[in-house]
Amino acid sequence: MPRENKLDKEKMVVVEGSYAVAHAVKTCRPNVISAYPITPQTHIVEDLSQFMADGEIPNCEYINVESEFSALSALVGSAAVGARCYSATTAQGLALMHEVLFNMSGMRLPTVMTIVNRALSAPINIWNDQQDSISQRDTGWIQLYAEDIQEISDMTAQAYKISEDKDVLMPAMTCMDGFILSHVYEPVVLLEQDLTDKFLPKYEPEYTLDPKDPLSYGAFADPNYYTEFRYLQEQAMQNALKKIEDVANEFYDIYGRYYGGLIDEYRTEDADIIIMAMGSVIGTVKDVIDKLRNRNVKVGLLKVRAFRPFPADAIRNVVRDAKVIVTLDKNITLGLNEGALCTETKSILYNTDINVPVIGYMLGHGGRDIKVDTIERIIDEAHEVIRNGIKTESQFIDLREEIL
Amino acid sequence: MKSLLAPGHRGCAGCCDAIAAKFALMGTGEDCIVINPTGCLEVMTTPYPETAWDVPWIHSLFENAGAVASGIEAGLKALGKKDKTKVLVLAGDGGTLDIGIRSISGAFERGHSIIYVCIDNEAYMNTGVQRSGATPYNASTTTSPAGKVSFGNPRPKKNMPEIMAAHGSPYVATTSIGFPKDMINKVKKASEIEGPSYIHAHSPCTTGWGFDTSKTIEVAKMAVQTGLWPLYEMENGEITKVKKIGKNVKPVDEYLKMQRRFKHLFTMEGGAEEIAKIQAIADKNIEDFGL
Chain W
1 MPRENKLDKE KMVVVEGSYA VAHAVKTCRP NVISAYPITP QTHIVEDLSQ
51 FMADGEIPNC EYINVESEFS ALSALVGSAA VGARCYSATT AQGLALMHEV
101 LFNMSGMRLP TVMTIVNRAL SAPINIWNDQ QDSISQRDTG WIQLYAEDIQ
151 EISDMTAQAY KISEDKDVLM PAMTCMDGFI LSHVYEPVVL LEQDLTDKFL
201 PKYEPEYTLD PKDPLSYGAF ADPNYYTEFR YLQEQAMQNA LKKIEDVANE
251 FYDIYGRYYG GLIDEYRTED ADIIIMAMGS VIGTVKDVID KLRNRNVKVG
301 LLKVRAFRPF PADAIRNVVR DAKVIVTLDK NITLGLNEGA LCTETKSILY
351 NTDINVPVIG YMLGHGGRDI KVDTIERIID EAHEVIRNGI KTESQFIDLR
401 EEIL
Chain V
1 MKSLLAPGHR GCAGCCDAIA AKFALMGTGE DCIVINPTGC LEVMTTPYPE
51 TAWDVPWIHS LFENAGAVAS GIEAGLKALG KKDKTKVLVL AGDGGTLDIG
101 IRSISGAFER GHSIIYVCID NEAYMNTGVQ RSGATPYNAS TTTSPAGKVS
151 FGNPRPKKNM PEIMAAHGSP YVATTSIGFP KDMINKVKKA SEIEGPSYIH
201 AHSPCTTGWG FDTSKTIEVA KMAVQTGLWP LYEMENGEIT KVKKIGKNVK
251 PVDEYLKMQR RFKHLFTMEG GAEEIAKIQA IADKNIEDFG L
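Quick mapping for you: the protein sequence lines, in order, are chains W and V.
Heads up, the first sequence is in my numbering, so the first residue is 1 and it goes up one at a time.
Heads up, the second sequence is in my numbering, so the first residue is 1 and it goes up one at a time.
The set of hints was computed from the structure by calculation and includes no laboratory data.
One or more of the hints may lead you astray.
[What the hints assert, rightly or not] Distance condition first, Cα-Cα at most 20 Å in a straight line; then the derived EDC-like pairs of lysine to aspartate or glutamate:
1) V/Lys81 <-> W/Glu204
2) V/Lys82 <-> W/Asp210
3) V/Lys82 <-> W/Glu393
4) V/Lys158 <-> V/Glu269
5) V/Lys284 <-> V/Asp212
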């Protein structure tokens with residue numbers, strides 16, 4: 001249900017996106033932070049290290065690890081002794097963590113990690129797209145995507161509450177677009193310590209590594225047992241669907257701010273064209289929608305906040321009566337010529353009574369700007385699909401044909 | 001003393017890992033948390049839903065024991081629980097010298113208070129006896145086999161204790177499961193030292209090295225008595241104690257002939273010259289350490 005976002009202007013300060021996240025982490029009272037530098041994530045852990053140097057995070061250890069692989073491995077250990085954990089990374093760092101991602105979710109160890117989305121090498125590129133986190137979609141991590149700095153800041157506290165819930169116990173990534181959100185200064189309400197203490201209870205896990213009650217973590221499971229562990233992980237993801245909604249509502253009750261739960265909607269009610277997107281491109285799409293609505297173009301936006309678990313029912317309910325769905329992807333599954341949001345959206349509509357065409361656009365790769373006129377052209381093409389059906393199901397847009 | 005590793009695990013008869021783990025736990029006592037990277041010890045002690053461990057135990061991955069131990073130590077500190085609880089890594093040679101070296105290097109450089117015991121059986125035993133950086137010169141393994149033009153592994157062992165001492169570790173020691181008191185006392189000493197300590201425990205593997213299951217301790221003792229595996233302690237980078245062999249020193253062929261992995265040296269043309277090279281390694285140890 002769309003709700004009014006009550007931003008208290010009195011409380012607003014102009015800060016860098018990375019600072020807002022670091023501040024949010026501080027108010028969540030972490031016990032262990034692991035840090036390894038990589039652009040464009042580094043400002044977050046730098047700001048956290050300054051908080052540590054100034055004695056502003058009590059009962060916390062900050063580990064300057066020697067790689068991203070060890071950044072997450074250290075948190076496996078910390079989470080297993082009952083510590084609330086945090087790290088942040090991007091692109092190559094996240095790819096290096098790949099094996100540990102599976103391991104941490106398999107052991108059902110909650111944690112929160114900010115992913116400052118960036119393109120993957122080669123060619124090496126430090127700018128934004130979402131290939132890095134999308135490529136980790138099967139690792140058993142909850143994935144939430146933020147539209148702006150206020151949302152990524154607030155999402156940090158939400159993610160702890162979701163991840164640590166006893167019916168979930170899965171680690172969570174909160175994803176923000178590199179540079180576009182991480183390095184931009186804008187007015188935000190920094191996460192309030194008193195409200196966060198009210199919203200996010202102390203982390204008290206049922207099981208820990210404790211010499212007084214020795215347990216074994218990470219035993220090997222043969223074919224008689226392995227399947228059930230995987231099944232239970234999927235159950236946890238399904239439980240997270242409800243928890244993500246509940247937590248967004250609880251957050252609204254305490255802070256008065258709301259960005260949607262699993263998804264959010266913008267002017268979708270009578271929309272013929274529904275654009276689906278994740279992350280900072282949402283703002284651009286909303287501007288285009290406002291402009292076109294003034295010309296009576298029936299276009300709306302479905303913002304996907306949770307990519308894992310994938311909100312199948314929530315999406316179906318919104319797109320049911322549309323005439324065309326347009327997905328925007330800052331990633332590609334090479335060999336399928338589709339972005340992940342396109343593929344997932346098509347898959348959840350198949351075998352249902354919903355028969356709405358889906359077209360996908362891959363754009364904004366490696367930091368290429370997504371301009372207003374690009375979105376307008378896409379909407380023009382969507383009209384053409386309504387009139388004459390699909391010609392091209394999925395494609396790159398803004399390709400520089402002249403350099404190919 | 002109560003054994004903190006229960007019998008009934010699935011290790012081979014005469015398994016060195018079980019012996020080493022038991023001795024290490026006798027050194028730390030029960031107020032400890034064990035980090036055990038992937039390997040025989042992990043597999044044989046924790047087939048779900050069973051466990052042989054009477055202390056809290058975690059297996060994460062193959063190459064990250066140093067980092068997991070760092071995180072455990074930091075977590076305990078942050079939660080105000082580090083006072084007495086020891087953080088003990090029990091890792092194999094592959095997980096320490098090869099794939100895990102970045103992780104252990106980081107943990108030691110940062111100075112986490114952990115005890116890292118490398119159970120060195122000189123090859124990747126869990127996957128079927130493949131060569132590691134700890135495999136000795138001329139040992140035949142499944143990826144460094146002896147053959148018509150090969151005497152087996154072409155390189156000597158990586159000197160891991162020296163590498164760890166170079167990290168500024170306050171306490172580095174070598175030991176052997178053939179000398180239980182030596183091993184237990186060294187782990188105990190490491191437990192009482194603030195900062196990262198490293199103990200490298202030579203541990204003969206009946207299956208991988210090819211000797212009778214009743215001979216594990218005998219083979220371990222012989223490695224020390226030949227001078228091939230010197231037992232010493234280093235405190236803050238300086239050697240402070242050495243176990244002398246004195247007049248009881250044995251020639252290396254007595255050690256080599258006990259094991260299938262060196263059998264080819266006694267049958268191949270040129271084998272005697274190769275044995276002489278191994279003797280030279282032992283002689284150098286005897287001289288360098290004053291054994």
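Cross-check of the supplied hints:
Between V/Lys81 and W/Glu204 the alpha-carbon distance is near 14 Å, which keeps this suggested pair within the 20 Å criterion. Pair hint V/Lys82 plus W/Asp210 holds up; C-alpha atoms about 11 Å apart against a cutoff of 20 Å. Of the supplied pair hints, the one linking V/Lys82 and W/Glu393 is violated, its CA atoms being roughly 58 Å apart against a limit of 20 Å. Annotation: proposed proximity of V/Lys158 to V/Glu269 is violated, straight-line Cα distance about 27 Å (limit 20 Å).
Of the pairs offered as hints, the one joining V/Lys284 and V/Asp212 is violated, with about 29 Å between alpha carbons and a cut-off of 20 Å exceeded.
Hint compliance for this structure: hints 3, 4, 5 are not met, and every other hint is.
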